[in-house]
Every structure is written in C-alpha cells, then in structure tokens.
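Trainee: Residue-level listing of the chains:
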Amino acid sequence: MMPGTRRFFYCLFGFAVLVVIAGPVVAPRPEAAPVQVMQGWAVWQQRQCGACHGLLGQGGGFASDLTEFAVRTPLPEFDPNAAHSAMPLPASGVLLTDAESASLGALLFWVAKTDIAARWPPEPVKRPLAATRDTGR
Amino acid sequence: MAVQEARAPFSLLALAILLLMLFSGLALLSAASWLPGSTLLATLADRLGSATGVALRLAALTGLAGGGLMVARASGLRPARLLVAGWASYAVISVLATTLQPESPIRYALAATEAALLIVSVIAAGRHSWRTPVGLVWGAGIGLAAVASVATLLPAGDPLSALFVDRVAGGLRDWLAFPLAAQALAYWLAGRFSTVGADWADESLLTTAGLMALAGMLATLSRLPPLVVTSWVIHAANGATLLMPLLALIVVAHAYRTLANRSRASTLAAHWTALAWLLFLLGFGVLMPLTGMPVIREWAAGTLLDQSAALFASLFPLSVIPGMVNQVAAELHGKDGRITGLMPFWLVAFGWLIAGSSLAVAGVIQIYVGRVLGVPAGDVLVLLEPVFVLCAFGWLSGATGVLVYGLAFWYRRPPVSQTP
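So the sequences go chain by chain: Z and C.
Residues 417 to 553 in the numbering used here are what the first sequence spells out, letter by letter.
Residues 165 to 584 in the numbering used here are what the second sequence spells out, letter by letter.
Among the hints, a few may not be true.
[As the list claims (entries may be wrong)] Quick list of in silico lysine to aspartate or glutamate cross-link-like pairs, EDC-like style, CA-CA up to 20 Å:
| hint | chain 1 | residue 1 | chain 2 | residue 2 |
| --- | --- | --- | --- | --- |
| 1 | Z | 529 | C | 462 |
| 2 | Z | 529 | Z | 539 |
| 3 | Z | 529 | Z | 447 |
| 4 | Z | 529 | C | 366 |
| 5 | Z | 529 | Z | 493 |
| 6 | Z | 529 | Z | 484 |
Derived from the structure by calculation, the hints contain no laboratory data.
Sequences are here, hints too, so could you generate the full structure?
Mentor: So, in structure tokens, the structure goes:
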C-alpha cells in the first residue's frame, strides 16, 4: 500500500473534524436567554414538541415550524392546549399546566424576536395563483 | 475464527440485532401514528418519534462497535466481557429512559456512559488493530462518536445555541462518525465477498473514508442555515451541493468494483453491503446536497424532505450490520452459507427505500403546498395521508424483514454460548 494513502485519510479526516468542531468554538455566543425562556426550552424538550414542530428550521417535519408563531399571536392569546384541541395532543395527551404554557409562550416569543425569525421562513407565494384565477373569471 | 474468542463481540452484534428489531417496530408504530383514525397511537406520536430515534442510534452504535471488536478479535479478554455487560445495561436503561421525562441528570449520565463505552471499545480493539486500514478507519469513527456524545453535553445559555450544539454534535455522529465505522466494516466484508486484491482494498478504504469524512463535514455545514447564515457557511453549503454528489459517486465507484468482482462466498454480506452503499448514494449523493443547497434549504428546512435525507444517511450504517452478522455467524459455524436467507433482505431493502422515498415525496408536497402556497400545516397533513400510508407500508415491510431476520438468526445462531 502506498504510504501516501494513509496520509490522505489523516489529512481529510483531521480537516473535516476540525472544521466541524471549530463551528461551535468560533460561532458568536448570543446573550444568555432569560430564565423563563430557558424553562420554556426545557418544557419544549420534555414534552417533545420538537418531535412534530420545527423550531428555527431544526427538527420537526410533521407539524408547522413555530419560529414565527408568536409574530401572529399576541402573548395573552397563546395557548398550546387550545391549538391542539382538534387532536389528542400535546405530548401524550397530557395537557400543559399554566406554568408550562407560560414558559413555552416566553420561549416562542423569544424565538420570534431573533434575527433568524426576521428572515426565515420565507413568505408564501400566494399572488401569482390568485392572479391567474382572477383573469380566468 | 475461534468460537471462544468471538463470544464477547458476538454478543454485541446479537444485541444490535435486537435493537434493530426494536427500531423497526418503533418506526412502524411511529409511522402508523400519523395514519387517519389511529387515535390511540396519535396520543403517543411524540414519544414514539423520539424513541425511534434513540433505538436507531443505539442499534447503530452497538452494531458498529461489536463489528469492529469482532474484526479486531478482541476477544476472551475480560474487559470485552465487562463491555458487553455494560453495553447491554446501557441499552436497556436508554430505552427505558425514553419513556420517562428526560430529566437532565439522567441525560448527562447516559451520554457520559455512552462516550465511556465507545472509548473502552476502541481500547479493547487493541493498539495493533490501528495498523490495519480497517481498524484505523473504524477506530476513527468510533472515537469520533465518543466525542460527539460528550459534545451533546456542552452547556448552552439559550435555545439558539442549544439547537446549534445539537446540530453540530448530531452531524459529527450521524454524518461523520457512523459512516466511517460502517465503511470500515463494509470493506472488511468486501475482503470476504470480493476478489479485489488486499492492497487495492486497503487503499480504496482509506481513500473513500477520507472522501466520506469530507462529505460528512459538508453535510453538517450545509445544514447549519437558517441557524447560521454567515457568508462562509453559505459558500460551504453551495460548495457542498456541487461536491457531495461527486464525492458520493467516487465512493460508490470504488464500492462497485468490490461488488462486481465477487468471490465464491455465498453469505449475504454482499447484498447487505450493496444496500448500504445504495442508501449512502441516495442520502449523501442526492438528498443531502439537494436539501442543503441554500436556496432550496430556505424552503426545505424542517420539512419531511429534510428528514428523509437524514433518514437515508442514518440507514446506511445500519444496513451494514445485518451483513456483518451474516458473515460472522457463517464463519463461526465454520461453513460458508446463508444464515438468514434472501427474504428478509428484500423485505428490508424495499421497505426502507419505500419509507424513505415516501417521506421525501411528503416533504416535496409540504414545500409546495404548505410553504410556497401557504396552505395551513394542518390541511397539508390531511393531504399527506395517502403518502403516510405508503410510508407505513414501507416500515411494515422493513419491520417484517427485520423480524424474519432476527428469527432466522436465532434459529441458526452459531454455538458461541456453549463452552467447547
């Protein structure tokens, strides 16, 4: 075997691992989130909201991505139990307590205020279709 | 291969088959929970979804570690036996923990245990195994998986950083570590089912493993948006779209040579390995670069198309394991022959391909109907019901295949448990 092949592997492997690990090291650290937001994050993970809902484009896949949810819903009206009234959810059918709902609300409002929520997800493209239908009439 | 010597690693492989059965069952239940009218299962959809992920990871970890230890003949050593005991308890506790609320102390303890088990495996494989390319690539993969387990413990002060750490640690594990370990085992199997020269195989393994590491890195970077959209990440993601299909093609071209020059060995190792490489091509060569391309990713992030790319990428290491078990069991029996037959293979191959592709189709529908046209997510779910039926059918076929595999394997298990 050519000795160069082993070196080829070492180089590519080392490079790949370094680049991936460098990510978290050089990434800018945002300010720590308020306590209630982190509590909401803990509830999000415990109640497995991420099994269905995406957040900031990560995970989910089955239900809507909730990144911008709080942009549309004012805080007093936020009620994940009600959002799930049509199905035996969330999280194994056990309703969220008021404290859990409140901290989830804080989480979603915090998320909606991030830079990411300002530019993602893209707006739906409704116009062209509506326009064709109008001319058809 | 001495039977006595193989006992400990073989137990790990057998445990991996059990976990594979668990994964298949959970994946089926999880897919069924999205079918119309599945009221009871629907209440469990969240738990089923996460438990499926845990079972998949455990099956891959256990099978890849056991396979490598088997190759290294890490053996009647007492640490290897302890390792099996530790591993089995870890697997049981991890599975049980998914039914509990994931409290953080348990999570920390589990991740630390996982890292420790992986590191002990690499050590148990022995220093001499590093001199062979198979041992080197496998050790690099398993060692990296240990790093990834520890990385999930990095503290995060806000949800954004937490998601970011998750993405990076998950990328290290699923797209770098596991594929490398799987590729090493696939090449060890190729040494049995193919007539390619040993020298060529060694060089080919090191070359393809290097390219796979690069592909894994690109996959991880291209999945950072929309969490991170600095210009270098966007450039890397654009590069990934061009490079990843190329890298995957080179890897598969190497793999093809081993498959095209078959030896007379009649175990089904070649079949399972061929399936693995096909899944690799679909995951890393097609769906990952497609969904990673920044303009597409903007629409595809967090849809089922995205999930299907990740699924194909995770099924690749998984399908090397039944091949490994087939080969090893035949060798322990001391005769060349099929252990589990063709039926489970075809059931699994069709099932997994159908399940993965139907998720991709569902994702495309989600993107166009949900994201582009702005139809509410609940209505899109109703539209997707026929596709979910197809997906559940795929998992049913896969689960049946894995069940038949498990039973056939149990029936023809080699006499490792009897003391000679």
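Trainee: Quick one, are residue 529 (chain Z) and residue 493 (chain Z) close enough, alpha carbons at most 20 Å?
Mentor: 17 Å, holds
Trainee: Take a quick look at whether residue 529 (chain Z) and residue 484 (chain Z) sit within 20 Å of each other, Cα to Cα.
Mentor: Within the cut-off at roughly 9 Å; holds.
Trainee: Has the given pair, residue 529 (chain Z) with residue 366 (chain C), been kept, meaning a C-alpha gap of at most 20 Å?
Mentor: With Cα atoms ~53 Å apart, residue 529 (chain Z) and residue 366 (chain C) exceed 20 Å; violated.
Trainee: When you check the alpha-carbon spacing of residue 529 (chain Z) and residue 462 (chain C), does it fall within 20 Å?
Mentor: 19 Å, holds
Trainee: For residue 529 (chain Z) and residue 539 (chain Z), compute the direct alpha-carbon distance and say whether it is at most 20 Å.
Mentor: 17 Å, holds
Trainee: Residue 529 (chain Z) and residue 447 (chain Z): Cα distance at most 20 Å?
Mentor: 13 Å, holds
Going down the numbered hints, you'll see the structure goes against just number 4.
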